[in-house]
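Enquirer: Given next are the chains, with one letter for each unit.
Protein chains: 4
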Amino acid sequence: HNASFTQVAQDLTPLTVVVLGASGDLAKKKTYPALFGLYLRNLLPKNTIIYGYARSHMELNDFKKRISSYLKGDESKKQEFLSMCFYHSGKYDEKASYDQFSEILKKSEEKWNSTSVNRLFYMAIPPSIFLEVSKGIHDSLILKSGGWSRIVVEKPFGKDLDSSRHLVTSLKKLFMEKDLFRIDHYLGKEMVQNLMVLRFANSVFEPLWNKQHISSITITFKENIGTEGRGGYFDEFGIIRDVMQNHLMQVLSLVAMEPPVSMSADDITNEKVRLLRCIQPVRLDETVFGQYLGNDKIPGYLDDEGVPKDSITPTYAAAVFWVNNPRWRGMPFILKCGKALDERKTEVRIQFKAPENFLFKDQDITRNELVMRIQPGEAVYLKLLTKKPGLENTIEQTELDLSYKNRFENLDLPDAYERLILDSIKGDHNLFVRDDELDIAWQIFTPLLEQMEKRHLKPEPYEFGSRGPKSADELSKRFGFQRSTGYKWPGTSK
Amino acid sequence: HNASFTQVAQDLTPLTVVVLGASGDLAKKKTYPALFGLYLRNLLPKNTIIYGYARSHMELNDFKKRISSYLKGDESKKQEFLSMCFYHSGKYDEKASYDQFSEILKKSEEKWNSTSVNRLFYMAIPPSIFLEVSKGIHDSLILKSGGWSRIVVEKPFGKDLDSSRHLVTSLKKLFMEKDLFRIDHYLGKEMVQNLMVLRFANSVFEPLWNKQHISSITITFKENIGTEGRGGYFDEFGIIRDVMQNHLMQVLSLVAMEPPVSMSADDITNEKVRLLRCIQPVRLDETVFGQYLGNDKIPGYLDDEGVPKDSITPTYAAAVFWVNNPRWRGMPFILKCGKALDERKTEVRIQFKAPENFLFKDQDITRNELVMRIQPGEAVYLKLLTKKPGLENTIEQTELDLSYKNRFENLDLPDAYERLILDSIKGDHNLFVRDDELDIAWQIFTPLLEQMEKRHLKPEPYEFGSRGPKSADELSKRFGFQRSTGYKWPGTSK
Amino acid sequence: HNASFTQVAQDLTPLTVVVLGASGDLAKKKTYPALFGLYLRNLLPKNTIIYGYARSHMELNDFKKRISSYLKGDESKKQEFLSMCFYHSGKYDEKASYDQFSEILKKSEEKWNSTSVNRLFYMAIPPSIFLEVSKGIHDSLILKSGGWSRIVVEKPFGKDLDSSRHLVTSLKKLFMEKDLFRIDHYLGKEMVQNLMVLRFANSVFEPLWNKQHISSITITFKENIGTEGRGGYFDEFGIIRDVMQNHLMQVLSLVAMEPPVSMSADDITNEKVRLLRCIQPVRLDETVFGQYLGNDKIPGYLDDEGVPKDSITPTYAAAVFWVNNPRWRGMPFILKCGKALDERKTEVRIQFKAPENFLFKDQDITRNELVMRIQPGEAVYLKLLTKKPGLENTIEQTELDLSYKNRFENLDLPDAYERLILDSIKGDHNLFVRDDELDIAWQIFTPLLEQMEKRHLKPEPYEFGSRGPKSADELSKRFGFQRSTGYKWPGTSK
Amino acid sequence: HNASFTQVAQDLTPLTVVVLGASGDLAKKKTYPALFGLYLRNLLPKNTIIYGYARSHMELNDFKKRISSYLKGDESKKQEFLSMCFYHSGKYDEKASYDQFSEILKKSEEKWNSTSVNRLFYMAIPPSIFLEVSKGIHDSLILKSGGWSRIVVEKPFGKDLDSSRHLVTSLKKLFMEKDLFRIDHYLGKEMVQNLMVLRFANSVFEPLWNKQHISSITITFKENIGTEGRGGYFDEFGIIRDVMQNHLMQVLSLVAMEPPVSMSADDITNEKVRLLRCIQPVRLDETVFGQYLGNDKIPGYLDDEGVPKDSITPTYAAAVFWVNNPRWRGMPFILKCGKALDERKTEVRIQFKAPENFLFKDQDITRNELVMRIQPGEAVYLKLLTKKPGLENTIEQTELDLSYKNRFENLDLPDAYERLILDSIKGDHNLFVRDDELDIAWQIFTPLLEQMEKRHLKPEPYEFGSRGPKSADELSKRFGFQRSTGYKWPGTSK
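Chains as they are written, first to last, in the numbering used here: chain A, 40 to 533; chain B, 40 to 533; chain C, 40 to 533; chain D, 40 to 533.
A couple of the hints might just be wrong.
Note that identical chains are pooled: a pair holds if it fits in a single copy or bridges any two copies.
To be verified - Calculated lysine-lysine pairs in the BS3-like style (CA-CA distance at most 27 Å, straight line):
1) Lys465 x Lys527
2) Lys516 x Lys250
3) Lys85 x Lys174
4) Lys261 x Lys427
5) Lys250 x Lys400
6) Lys111 x Lys427
7) Lys183 x Lys130
8) Lys384 x Lys427
9) Lys427 x Lys465
10) Lys527 x Lys444
11) Lys392 x Lys217
12) Lys392 x Lys250
13) Lys212 x Lys183
14) Lys116 x Lys392
What the hints contain is simulated information worked out from the structure, not anything from laboratory work.
Take these sequences, add in the hints, and give me the full structure.
Expert: Quick look at the structure:
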């Protein structure tokens with residue numbers, strides 16, 4: 040499996056990558072940098088070209104200038120990479136445009152003189168034109184023979200259960216599930232992938248990994264910036280659709296699922312679906328919503344361009360999830376996400392119960408916690424209690440720590456997108472979202488979203504740069520989470 | 040409990056410490072430095088004098104010079120401390136000597152003009168004169184009223200079950216168990232005390248702490264020096280009596296015992312005794328003995344002064360112990376100790392079983408280990424497997440780490456003897472060996488020792504500075520221990 | 040759910056049952072008696088007719104005589120039932136025959152004057168004509184509208200993985216999975232259904248239900264008669280295909296699977312498939328085969344009509360199965376089945392491990408067993424040890440017992456076929472075999488079957504009326520089963 | 040161990056049994072019948088005489104007539120037994136009486152012409168003269184050499200912690216603990232002894248035997264008669280001292296204690312003491328008291344002769360106990376005992392939690408219970424849920440049953456006293472109460488008893504023949520016990 044890994048570049052069939060929406064922000068900030076990253080690591084097939092496609096008319100050089108602004112690395116390598124990049128302008132809703140583009144691709148590929156060629160279509164486009172572009176690809180661009188054609192799509196995958204099902208059904212008519220790669224870029228993050236290894240390659244965690252020993256599991260996503268001009272897009276979705284329903288539910292699935300029958304993509308997704316099926320729809324009375332305020336220096340959410348002045352779109356959400364299976368029944372999963380908070384971090388925090396033996400009754404016994412820091416500063420640490428060194432018999436909070444920065448020399452972690460594009464080239468579905476997974480995730484959130492909209496519920500305001508709405512801490516407390524105030528993980532400041 | 044801790048010095052009744060055998064090595068190297076340490080920490084009663092007693096005639100100044108050689112710290116403090124020290128020469132086997140000494144003590148104590156005075160007798164004497172000194176103390180020196188008299192004794196507590204019982208019975212006639220403080224200085228070590236906190240103040244360890252999850256527990260004591268001239272004394276006892284039967288069995292007891300009913304000394308010792316009662320006598324065929332060889336540069340054991348040329352006394356021993364209770368039945372405890380080895384360290388190594396799910400069959404899955412490093416470089420670390428950072432899907436051995444040196448600023452760990460003497464002054468029996476504990480520990484070893492001596496078994500030779508006899512590694516392997524060769528704990532070199 | 044149960048007869052749409060192969064043995068002995076049973080319990084729709092279809096020309100009266108021989112019950116009820124029965128003779132391989140039959144059915148159904156009518160096709164035919172009959176049904180007999188058409192099929196479902204897949208694929212082109220009801224009549228047995236209730240409605244079994252507490256699980260199927268003239272048919276299949284691969288694997292699945300997400304048919308089958316996916320193919324060296332011998336009075340297998348004199352078809356098999364999941368890894372499932380043995384019984388025997396505490400070392404401690412007796416004499420009992428009543432301190436084997444005969448007054452257990460036909464009418468797939476289940480079950484057995492045939496392995500002979508081949512008891516012993524010889528369950532003789 | 044059992048009679052040293060208080064009720068109803076039982080079973084030493092001692096002057100024949108009224112069995116055996124019985128009248132508070140009696144015993148024993156003779160003193164006397172009789176025995180009757188002298192004593196062992204300690208200390212000065220046999224006759228009951236076997240010789244109970252799986256444990260003692268003239272004696276003690284503090288706490292200890300290190304008396308008692316040390320004193324607000332009323336036909340408690348008309352002595356008590364150890368923390372033990380109730384029975388009822396998987400949500404799922412019926416009608420049964428036999432998918436309450444009467448032919452259970460006297464002759468302390476056990480049991484009850492008396496609390500009245508005070512059922516409910524009303528154990532009526 041790994042032996043072949045570094046040979047990808049030499050062995051692979053020639054590849055055409057088509058970036059739909061190449062003139063957009065996502066393409067510039069994520070898609071091209073990730074492709075460049077793979078190029079630097081020598082992980083693209085030797086014969087690769089990357090064709091941008093979008094509506095805007097642009098000179099190739101202007102296009103290259105545009106995308107090169109986010110490429111980081113050696114200049115000569117950059118030039119090599121850019122020489123593989125091309126651009127074609129066409130309409131999204133016109134078969135003729137796609138047919139014309141098809142001819143260009145064919146000519147380009149003929150030069151390789153290869154019996155087979157593969158095509159990867161990367162959809163860096165807004166949801167509104169999603170289906171028409173898909174149809175264009177299906178009718179004019181996918182290969183009928185001689186190699187694969189794969190479609191990489193990005194969220195949002197609908198806005199609720201109905202729209203998601205409509206999307207899934209429509210795409211099913213055009214492409215087979217095996218050729219679809221739905222990206223949730225959180226699945227490409229180092230620590231998210233490490234979750235599976237931590238849980239299943241070690242024997243010390245599994246016996247603890249259940250409601251008998253765990254008091255609560257909190258998954259937190261915090262950004263310390265606001266919408267910063269992207270509020271117009273954001274306002275349509277809100278934080279639940281943007282972060283909680285996809286990224287955090289994916290993390291929850293990996294944290295909570297049963298050991299799969301094997302490490303194959305299907306077996307893993309089977310377990311995720313089985314887990315999600317045990318989750319009850321979120322209840323409004325176990326949820327907290329917030330919207331951040333501005334101050335003298337920083338604009339609030341409602342001040343952001345494109346956000347309606349009376350918007351009730353939440354920029355913060357906290358909610359409790361219950362997994363009704365033998366492992367988790369009755370133990371709360373608390374998911375929290377928000378913008379404009381006091382810090383930037385994503386982490387999983389497993390808080391264990393107090394020890395059973397109650398031997399240190401007279402001392403301040405805080406609870407053990409296993410924390411997996413996803414970003415920034417990848418780390419795993421286990422908060423525990425040790426005797427305070429010295430002659431006193433007091434107990435102190437310390438931790439067993441694994442901070443990547445300290446442990447690994449010359450740590451070079453690839454961006455999540457790099458891994459995901461690589462996996463789509465390798466045909467490995469492990470880190471992509473399957474259709475049934477999507478469906479069940481929407482089932483969990485749709486009743487809540489509908490209620491919120493029907494009742495026109497107003498989010499609780501919170502200060503920019505704060506911990507979020509007060510009610511969120513109270514929610515955690517209500518479900519048994521004990522916040523230890525005195526302790527600070529030394530890794531925080533390192 | 041801790042509030043009172045720093046007030047010991049002010050509150051306590053005046054104290055006379057009597058060091059029997061004050062002119063010897065133990066007194067110089069351990070007893071006086073520990074008393075000085077307590078003085079520096081302001082933990083001796085304000086009114087304290089320390090009277091040395093021994094056979095040698097010595098001027099007080101010579102005596103002070105002798106003991107001051109091992110005192111470390113501020114010179115003026117040293118002088119203050121030495122001003123509390125006195126010396127009296129007397130016979131060990133003559134009542135008149137003790138009576139005379141009694142008068143001296145009385146006069147000295149009268150100066151305090153206190154209604155009560157306490158006396159602590161510290162026996163820094165060889166076992167041969169143990170009982171006669173005890174009798175001397177009993178007949179002439181213990182206080183009949185107005186304060187306590189406590190006796191601190193050091194191992195060896197006999198050479199086998201019979202001699203130990205004789206000693207216990209003889210002492211019982213002279214002193215009450217509550218006034219006897221049998222030192223096993225390993226109980227005073229920071230990490231040994233931390234064992235109780237780790238196990239019982241945290242909730243994450245108890246569920247793992249059993250044969251279902253643990254594959255083996257190894258307790259290792261390694262010295263990188265030989266007997267260095269003390270071989271004459273050592274040869275009488277050998278490594279089993281010197282280290283394994285006491286220090287390592289104490290560590291094993293604390294690692295393996297059930298949670299006590301409370302943290303009181305009696306409840307803890309009850310559990311230790313209950314645990315030891317479940318241990319079968321060691322079997323010869325589950326034991327390895329070694330004796331170190333010399334080379335051009337370093338003398339071997341048999342070259343040491345005072346060691347008979349045909350001595351079969353082991354300087355290395357490894358043995359397997361079985362605890363027949365529900366928690367441990369069938370799981371081996373492997374104890375190893377030796378001199379003249381490749382490094383100096385004492386540690387407890389808990390090796391867990393392989394994970395149950397076998398999901399990473401194609402990879403090299405090493406086992407989790409929880410290591411408690413007792414000395415040097417106090418640390419706790421948990422070896423675990425994580426995803427190798429980066430695009431590869433390989434698994435790597437890392438660890439969650441708590442190295443005291445890195446974690447605690449200005450770490451100042453008191454010597455084990457400081458704590459033990461302090462506890463004897465406070466009357467806390469927690470870290471001392473109870474009579475029934477001693478008895479059962481001897482029951483475990485005596486059959487083996489008798490067999491060895493009857494059969495005149497020769498130990499396996501090993502190189503000075505090596506890992507010990509080859510058979511010892513084989514013994515571990517035979518009982519399921521998997522040594523991971525590629526991995527080195529980063530703390531080792533820090 | 041149960042309220043509606045007794046109203047089935049009144050509420051249901053008119054029903055035409057078509058029994059294909061109506062002149063055969065299965066129809067006579069199983070299908071018609073089961074339909075009659077349902078009629079007696081008032082569980083067939085008020086408007087029901089039952090049409091027999093087969094090649095043989097027969098007068099309706101002769102047909103009725105034939106099928107009535109196995110109907111048991113009140114004579115007037117029998118006559119009522121027979122008045123619902125009709126017969127039509129036609130070819131199996133000729134479209135014209137089916138078309139003609141279609142017209143007859145239509146006319147018959149028109150009399151009901153109902154907007155909708157359902158049709159249930161029961162295939163009581165040999166595997167050789169399976170596909171042609173299916174095609175006939177599909178092309179001419181299934182309803183295009185106005186009600187459902189369901190197909191009930193009986194094993195054998197192929198002879199190995201390839202033939203099974205061929206069958207599944209061929210049927211898939213004709214019928215939808217939801218309309219197919221593959222019967223494994225063991226799933227209809229009272230105690231097999233009780234398995235789910237025992238495991239999941241009680242809380243005392245789940246904590247014990249794993250390799251940590253169980254030593255082995257044996258599933259035994261014993262017949263005390265030989266092939267008795269049916270040897271010709273049997274010889275093509277042998278005991279593994281006839282009993283072990285289907286009936287016993289179904290029982291194993293229900294005993295070993297994880298708790299399903301819900302009690303829906305799909306969720307339960309999902310768990311069965313997930314379980315079967317964890318089972319390694321059976322190994323030849325963990326298998327025992329036997330073939331029974333005759334004696335003066337009773338013919339042996341090779342004496343049976345239609346059995347080739349050099350047949351190596353096994354009439355007995357024992358094999359060990361390993362389920363590689365966290366619950367069962369390393370614990371053997373021992374499956375045994377055979378004809379011409381010492382008794383008739385089918386049972387699941389869960390043998391627990393010895394107690395951990397070893398407190399009664401000097402006594403003969405046999406192991407706890409939980410036995411579920413499927414037939415005859417439905418019972419559950421738990422073998423345990425109690426103090427022998429009286430002044431002696433000895434221990435005795437007794438049991439906690441639930442024998443249906445003793446516990447339930449007027450016990451009237453329906454035949455398995457009754458329940459299965461009822462469920463197919465109700466559209467409940469719970470007790471039927473899904474396509475993927477079938478596939479994975481064949482994967483487990485096919486390598487073994489191929490090896491046996493390639494190597495032309497001879498089964499071990501055993502006496503008619505014995506416990507089977509000697510090696511079978513040795514196999515059990517080799518995998519840790521302890522047979523307790525002194526004890527006899529009192530229920531045996533009751 | 041058991042081989043020797045039947046040889047007791049032949050092997051043993053001659054024995055003199057002295058029954059102090061021989062003219063009283065206890066002697067007549069319990070002591071002599073038990074001795075006769077042992078005689079019938081051939082378990083008394085061949086050379087045995089039984090000397091009654093009491094204040095009353097009585098002819099030997101009258102005495103024999105008196106005691107023979109409760110002896111059951113063959114008349115000739117009865118005569119043989121009576122020929123071993125003698126009577127001596129003496130004072131309890133006069134040394135001369137004992138000395139005189141001593142002479143008689145000596146003469147009697149001389150006839151055996153044996154080098155050694157044993158004496159068993161059975162104290163069938165009221166507590167008021169306990170110490171003076173003990174002193175008499177110590178000063179005049181115990182043997183200085185040539186055999187053992189053992190003292191069998193009956194409760195009450197004091198009325199509270201102080202009086203119990205006074206008694207223990209006083210007896211300690213006279214006899215050694217090893218020679219004292221404190222009877223709690225509940226320890227001699229068949230099912231109480233079976234408790235140890237059930238728990239520790241079987242492997243299926245231990246994994247369930249903890250708070251994780253058990254919801255509550257109820258120990259019930261019910262009598263269907265009132266004090267019936269013994270109210271005078273009873274009123275001094277009340278039901279808590281008479282039944283709960285001793286009999287029920289003994290049963291609780293055996294049900295709840297950890298597995299002992301061995302089956303020796305000391306190891307078992309060690310565990311009982313360790314368990315009792317984890318029990319908090321009973322709280323008044325977790326207790327219910329009752330006193331029974333009379334009606335037209337039956338006198339109430341206050342009507343009983345000797346009972347003060349304003350007595351507040353409870354004849355019924357229910358209380359909740361908490362065992363603060365890892366196995367039981369947070370799970371209630373509910374103890375209930377009373378007179379004049381609806382039935383006579385003593386049983387332990389272990390109610391398990393509901394199953395974790397919640398798969399049968401729509402059905403009435405009652406909880407599993409393991410019931411150990413101590414008296415009458417010894418039985419063990421496990422209430423469980425099974426599928427209701429037949430076509431319906433409903434669930435029904437049934438049970439796995441072991442009723443002694445049904446299972447064992449010719450069941451002949453010895454009285455508890457027989458076993459206890461036999462064990463005191465054999466010197467086996469297993470079924471007797473150790474001094475520290477007594478002490479800790481009193482510590483649990485004394486605060487409650489003091490509160491009740493200080494506050495002069497009135498018990499809740501209840502009808503003669505009812506289930507007891509209403510509050511008692513509410514207490515059970517408050518602590519999670521679910522009473523299943525529809526179900527009745529078939530054994531009840533058998």
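Enquirer: Tell me the numbers of any earlier hints that the structure contravenes, in ascending order.
Expert: Violated hints: 1, 3, 11 and 14; rest satisfied.
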